[in-house]
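The chain contents come next:
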Amino acid sequence: MSKELIRLKNVSVAFEDAVILDNLNIYFNDKEFLTLLGPSGCGKTTTLRIIGGFLTPTSGDVLFDGVRINDVPPHKRQVNTVFQKYALFPHLNVFENVAFGLRIPKTDENGKKVKIPEKEITERVMEMLEVVNLKGFEKRSITSLSGGQQQRVAIARALVNRPKVLLLDEPLGALDMRLRKDMQNELKRIQQAMEITFIYVTHDQEEALAMSDTVVVMDGGKIQQIGTPEDIYNEPKNAFVADFIGESNILDGIMHEDYVVEFFNRKFKCLDKGFAPMEPVDVVIRPEDIDIVAPEKGQLRGTVTSVTFKGVHYDTIVDFKGYKWLIQTTDYHAEGSVIGIILNPDDIHIMKKSEYSGMFGDYSSYSEEYDEIGDASVELDEEESEDEE
Amino acid sequence: MKNKLSGLAVPYVIWMAIFVVAPIIMMVVYAFSTSNGNFTFGNFADMGLYASVFGRSFKLAIIATIICLLIGYPVSYMMAKEGPRFQKVAMVIIMLPMWMNFLLRTYSWMSILENNGLLNQFFASIGLFDLINNIGMRMAANPELYVPIDHFNMIGTQGAVVLGMVYNYLPFMILPIYSVIVKLDNSLLEAARDLGANNMRVFRKVILPLSLPGVLSGVTMVFVPSVSTFAISRLLGGGTQMMLGDLIEQQFLGGAYDPYLGAAISLVMMVIVVVCMAVMNHFGEGEEQAVML
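Heads up: the protein sequence lines correspond to chains A and B, in order. Okay, so the first sequence: first residue is 1 according to the working numbering, each after it adds one. Okay, so the second sequence: first residue is 1 according to the working numbering, each after it adds one.
Be aware that one or more of the hints could be misleading.
Taking lysine-lysine and the DSSO-like style, the derived pairs with C-alpha atoms no more than 30 Å apart in a straight line are [to be verified]:
| hint | chain 1 | residue 1 | chain 2 | residue 2 |
| --- | --- | --- | --- | --- |
| 1 | A | K76 | B | K183 |
| 2 | B | K205 | A | K115 |
| 3 | A | K267 | A | K139 |
| 4 | B | K183 | A | K139 |
| 5 | A | K181 | A | K119 |
| 6 | A | K139 | A | K237 |
| 7 | B | K81 | A | K135 |
| 8 | A | K321 | A | K9 |
| 9 | A | K119 | B | K205 |
| 10 | A | K139 | B | K88 |
| 11 | B | K81 | A | K106 |
| 12 | A | K237 | A | K321 |
| 13 | B | K88 | A | K76 |
| 14 | A | K76 | B | K59 |
| 15 | B | K183 | A | K113 |
| 16 | A | K112 | B | K205 |
| 17 | B | K59 | A | K106 |
| 18 | B | K59 | A | K164 |
Just some of the chain A residues that point at chain B, by a computed CB distance under 8 Å [to be verified]:
| hint | residue |
| --- | --- |
| 19 | P74 |
| 20 | H75 |
| 21 | T81 |
| 22 | A87 |
| 23 | F89 |
| 24 | H91 |
| 25 | F95 |
| 26 | G101 |
| 27 | G147 |
| 28 | N161 |
| 29 | K164 |
| 30 | K188 |
| 31 | Q192 |
| 32 | Y259 |
| 33 | V260 |
| 34 | F263 |
Since the hints were made in silico from the structure, they are not lab data. All residues carry an ideal CB built from backbone N, CA and C; glycine is no exception.
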């Protein structure tokens, strides 16, 4: 990645007693696709609003290209936003929506107001409508467009101003699954074609992993982990990240020495080192990494308590001495059957104990866990109703 | 289902037929009749005598509507931008006078504006007239001929009539505009600022066009009762500022008894108002749809 463009330094936001952002330190590189990922209320949208200029932090600095911009109002920032519900102007047609920013006179170096000539406006709008695949829609009214089309108008309206940074606040939240997937590819393509920074907010971990160069996982107003999608998935820093990104079995373990961890009263080889001798740790095992073998060949032996068909694989819940794991496997193992498992050293990931230890990664109450996963849509509805108030 | 429910509309349809449609038909019939019941256009020809009344009515109603808009829009805007607590209080203050009888309110203005009314008494008590007379005396070429004043002429002027209209109908301007602005999606305003619009431009390019439907219905709701009022012009105009309402009333109840002419005037007024509204709504059509969104 190239040079740093935006930096948030010790940024905190508090409303009355509630702390929304807690001493946030983060930087955004030029031309990268960065995603702020976290559950609702984690502070990701607040972070975006600070960069957009709609919210002034209670304390801390916002730097743009090294210049402090805390007090620069939104209309003077080289940043444009795609809003959650698009926020298109209903009284203007597609063309005029996209041209809105271009029609505003800009102040040049000499302090003179400069208007963009009408011919150039038309050219740039048409060019942008082509980028978002909306050629021929310029005369259409906003109300006559589908959700995906409105979404693309919103993106064109922001990008036509050639911002250095595009902020996207859960822009695909209102679209159905299929359209979402298409738009994810589309966004990635646009970002690469335009060569600008995208800062993307979402609570959908799949979306984050699929599109981003860098993922920032947030919770409780704090950054939990920053890294590439692979890093975040393979090397989660704590139980929260491990649970929020994909599915994880998280167990209590004890690190005996480098490369040796004990859990279930059994020592396993692993690839982690650098812990104090006999340090208590969290052990993460991804459900898809577990190999099921015949009971007598396994390192551990358990009983299948539930099987759910998920299309590509089966979600199999296996009881190991009262502790339930989720195993994802393409083989069917009937409920009640006894199986063995083998854990290879690279299937085992060790994390330091954190405030999240013991909160996640237990599949004993499997159905509830599923409700929680299904909450993604409920959560979105809640956010929308908040907006309407 | 549809048929079952449509039965519920029957009483309303009957009501409309008896009290809305029938009177309009009667008005049209009367407007084209002589006292003997013959068909005539004469009633319309006779109206030429009252051209000045037509002119005054529309002039005063337009002035009152403009003043209501100039006061009402900023008030609505400020109200909509304040918190819900302020909005509730402001709403009560605006509605409060409307809980009083219309005539009572207008009579109160009479006693305020009269030559020896509250306002003139107040001016006298702070010595305003003495001051004016003093200055007038000195400025006058011939002080002997200077006539000192002891009151302002307020009652019986067109200004008083306009004041009465504005006072009575202002809430009808504020409420529709307020309810449109308060419902404006804040993210639209943020989007406009995000795209580089300063506050002035956000207002001109987003808030104003999107609040136009509220303005249109406010204008209608102020203009229509203003142009046809008779109590306000009678009480505050002191009989010298006759308006269409007064003219029509005179034809039916007053000394100039001529219901045929009265019906003709009513018909013409109605047509003019309907045309005005149709033209205005035509301009507002696009925005109206926008608000439905």
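Right, here's what the structure says about each hint:
no.	hint	in the structure
1	A/K76 with B/K183	holds (27 Å)
2	B/K205 with A/K115	holds (16 Å)
3	A/K267 with A/K139	violated (69 Å)
4	B/K183 with A/K139	holds (26 Å)
5	A/K181 with A/K119	violated (35 Å)
6	A/K139 with A/K237	violated (50 Å)
7	B/K81 with A/K135	violated (38 Å)
8	A/K321 with A/K9	violated (48 Å)
9	A/K119 with B/K205	holds (21 Å)
10	A/K139 with B/K88	violated (41 Å)
11	B/K81 with A/K106	holds (28 Å)
12	A/K237 with A/K321	holds (27 Å)
13	B/K88 with A/K76	violated (35 Å)
14	A/K76 with B/K59	violated (46 Å)
15	B/K183 with A/K113	violated (33 Å)
16	A/K112 with B/K205	holds (22 Å)
17	B/K59 with A/K106	violated (43 Å)
18	B/K59 with A/K164	violated (55 Å)
19	P74	holds (4 Å)
20	H75	holds (5 Å)
21	T81	holds (5 Å)
22	A87	holds (4 Å)
23	F89	holds (6 Å)
24	H91	holds (4 Å)
25	F95	violated (15 Å)
26	G101	holds (4 Å)
27	G147	violated (14 Å)
28	N161	holds (7 Å)
29	K164	violated (14 Å)
30	K188	violated (22 Å)
31	Q192	violated (23 Å)
32	Y259	violated (52 Å)
33	V260	violated (54 Å)
34	F263	violated (49 Å)
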